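I would like the entire structure built from these sequences, with the hints used as guidance.
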Amino acid sequence: MPYLLLALLATLCFSVATYLQPRTASWSQRGQDSVMKVLLGDGRRLLANHLFAKADVYFHSGYYPTIFDSTEPPKEKHMLGHEHEGAEQEHEEEEDFMGKPRNWVDAFSRNFKITKHTHLENGREKEILPWLKLSAEMDPHLIETYTVAAYWLANHLGKVSDAEEFLRQGLRENPQSYEILFALGRIYYNQYHDAARARNVWELALKRWRARAAEQKQPNSIDFEQIVVNLGRLEEDQGNLVSAIQYYEQAKQVSPAPQHLQKQIDDLKRKLEPNPQASRQ
Amino acid sequence: MKIVSALAGIVVKELYRRKDFYVLFVLTALVTVMMASINFFHDKSIAGYLKEACLWLIWVSALVIAIVTTARQIPAERENRTIFPLLAKPVTRNQVVLGKFGGCWLATGIALVVFYVFFTIVAGTRENQWPIVNYLQALWLQWMMLAIVIALALLGSIVFAAPSSNSTICFVIVIGILLVGGHLDQVALRQSEPVRTITYALYFLIPHLEWYDVRQLVFFEQGLVPWSACGLATLYAAFYSAMLLLATWILFRRKALNL
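Chains as they are written, first to last, in my numbering: chain A, 1 to 281; chain B, 1 to 259.
To be clear, the hints were calculated from the coordinates, so they are not data collected in a lab.
Please read all numbers here as calculations on a predicted model, not as lab measurements.
Any given hint might turn out to be false.
[To be verified] Per label pair, the in silico range of CB-to-CB distance:
#1 B/Asn-39 / A/Phe-97: 34 to 40 Å
#2 A/Asn-122 / B/Asn-80: 57 to 63 Å
#3 B/Leu-202 / A/Gly-43: 30 to 36 Å
#4 A/His-119 / B/Val-114: 34 to 40 Å
#5 B/Trp-130 / A/Leu-204: 37 to 43 Å
#6 B/Val-114 / A/Gly-43: 34 to 40 Å
#7 A/Thr-24 / B/Ala-201: 53 to 59 Å
#8 B/Lys-19 / A/Leu-8: 35 to 41 Å
#9 A/Arg-45 / B/Lys-19: 35 to 41 Å
#10 A/Ile-222 / B/Asn-39: 30 to 36 Å
[What the hints assert, rightly or not] Among chain A residues calculated to face chain B with C-beta under 8 Å, some are:
#11 Cys-13
#12 Asp-56
#13 Tyr-58
#14 Gly-62
#15 Thr-66
#16 Phe-68
#17 Arg-102
#18 Glu-121
#19 Glu-125
#20 Lys-133
[Said to hold, decoys possible] Non-contacting residues of chain B with respect to chain A, defined by C-beta distances greater than 10 Å in every case (computed):
#21 Met-1
#22 Asn-80
#23 Asn-128
#24 Val-214
#25 Ala-233
C-beta atoms are modelled at their ideal positions from N, C-alpha and C, and glycine is treated no differently.
If you want it as structure tokens, here you go:
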């Protein structure tokens with residue numbers, strides 16, 4: 001009798017499982033969601049931001065203000081790379097958040113803390129990657145995770161194919177992102193030297209930027225300038241000087257330093273002018 | 001001294017007879033190995049996140065072992081009524097306190113050594129570096145911190161009725177100190193009087209357990225703590241432990257042992 005009951009219960013369990021299994025898949029958006037999304041819901045976005053900040057902590061080798069320090073955490077753009085070397089000194093100064101020891105306890109505790117402001121270098125930048133990858137897993141719509149990871153992978157760690165793959169993953173999750181398209185274009189142009197693909201991707205990025213700008217009150221003009229300046233350089237390198245001038249003209253309208261772009265435009269215009277000596281000969 | 005070491009020996013034996021340590025060690029190893037198996041951009045030499053996770057698990061496990069083992073020592077003796085034959089040996093209450101403290105501290109130290117050996121192997125195989133001195137220093141400082149925690153839990157076992165309440169309160173205090181202990185002076189500045197003075201006094205009064213947490217120096221490879229600071233921190237831990245043990249003895253001396 002007990003064996004029969006056991007068999008009956010086992011059969012019931014199996015039957016209920018076959019009935020429920022297809023339905024459980026639809027509980028979480030047609031079964032397309034990751035385990036983390038099902039478990040954490042929208043809370044994973046907070047975790048994603050924390051993991052992104054963790055990558056920044058690693059980039060600064062642990063020298064990072066806490067919530068108790070008056071200084072704001074470093075700007076996220078900093079981890080994007082050392083493209084603005086001039087700002088480095090300012091960055092060093094603004095991040096000296098520890099100041100002088102407040103008392104003997106604080107002074108003594110500094111023996112056990114990281115008190116030097118250093119950045120990861122010589123290939124050790126790879127240590128930020130797990131946090132960025134996990135951040136992207138937690139919130140696939142946090143664009144910076146893809147662009148920052150791709151920047152370090154492609155420019156400092158020599159992992160160009162990984163950078164491209166990660167950006168493509170980001171693009172699948174965020175098909176309207178011009179930021180990812182722009183980063184992808186940089187890889188095609190700077191690493192693969194594939195001007196045709198870079199042009200296509202950047203033009204698409206420009207189209208996406210315009211589509212988003214139409215919906216915004218204050219569109220991001222810095223991103224616009226970056227896209228058109230890069231397109232201008234590409235066309236200039238390819239010998240399409242008229243196109244290059246057109247892109248530089250667009251960039252000039254939003255640039256904080258239009259005089260430099262004007263100089264470039266003038267140079268290109270001079271190149272386009274017919275050479276009088278050549279025509280005489 | 002012989003009596004104290006005999007009592008301590010019993011506590012150490014208790015650690016390896018009970019399952020707490022094994023469960024925590026297997027859990028730590030399992031989580032670490034699982035994390036090590038994650039592939040981040042086809043780079044097997046990324047070790048920072050793994051070291052951080054492993055050290056965090058070691059800290060949690062060591063705290064659990066230290067507090068839970070210590071919190072049940074004297075209440076268990078009282079509950080099983082083994083405290084009476086023990087004190088009739090004759091063993092003084094002072095020796096009981098010292099023996100229990102020594103045993104718990106030693107047992108936690110042995111557990112720590114096992115954990116750090118595992119950590120060294122994991123980190124070493126991952127990044128082909130063996131900064132043994134850094135790890136030994138981290139282990140030493142953590143063990144010193146645990147001396148204060150154990151003395152605190154022993155005092156709690158005299159003050160509070162049940163080991164569970166003692167453990168909970170000890171965890172809250174220790175985690176609180178580790179998280180905000182070093183920033184209480186900054187918190188005090190944002191308060192109005194008299195909360196400011198009380199918070200500021202608390203800042204100087206509490207044992208600064210956060211000093212002993214040098215995990216960041218280990219996983220960011222930021223070198224060693226100066227040996228002079230290490231020595232002073234050891235003295236600080238010794239003084240705090242002695243003070244807490246003295247308080248335990250004073251309370252235990254007058255404590256009625258019948259339930």
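Here is what the structure says about each hint:
no.: 1; hint: B/Asn-39 / A/Phe-97: 34 to 40 Å; verdict: holds, 35 Å
no.: 2; hint: A/Asn-122 / B/Asn-80: 57 to 63 Å; verdict: holds, 60 Å
no.: 3; hint: B/Leu-202 / A/Gly-43: 30 to 36 Å; verdict: holds, 33 Å
no.: 4; hint: A/His-119 / B/Val-114: 34 to 40 Å; verdict: holds, 36 Å
no.: 5; hint: B/Trp-130 / A/Leu-204: 37 to 43 Å; verdict: violated, 50 Å
no.: 6; hint: B/Val-114 / A/Gly-43: 34 to 40 Å; verdict: holds, 35 Å
no.: 7; hint: A/Thr-24 / B/Ala-201: 53 to 59 Å; verdict: holds, 56 Å
no.: 8; hint: B/Lys-19 / A/Leu-8: 35 to 41 Å; verdict: holds, 37 Å
no.: 9; hint: A/Arg-45 / B/Lys-19: 35 to 41 Å; verdict: holds, 39 Å
no.: 10; hint: A/Ile-222 / B/Asn-39: 30 to 36 Å; verdict: holds, 35 Å
no.: 11; hint: Cys-13; verdict: violated, 28 Å
no.: 12; hint: Asp-56; verdict: violated, 13 Å
no.: 13; hint: Tyr-58; verdict: holds, 6 Å
no.: 14; hint: Gly-62; verdict: holds, 4 Å
no.: 15; hint: Thr-66; verdict: holds, 7 Å
no.: 16; hint: Phe-68; verdict: holds, 4 Å
no.: 17; hint: Arg-102; verdict: holds, 6 Å
no.: 18; hint: Glu-121; verdict: violated, 13 Å
no.: 19; hint: Glu-125; verdict: violated, 10 Å
no.: 20; hint: Lys-133; verdict: holds, 5 Å
no.: 21; hint: Met-1; verdict: holds, 33 Å
no.: 22; hint: Asn-80; verdict: holds, 40 Å
no.: 23; hint: Asn-128; verdict: holds, 14 Å
no.: 24; hint: Val-214; verdict: violated, 5 Å
no.: 25; hint: Ala-233; verdict: violated, 8 Å
Hints 5, 11, 12, 18, 19, 24 and 25, counting from the list given before, are not met by this structure.
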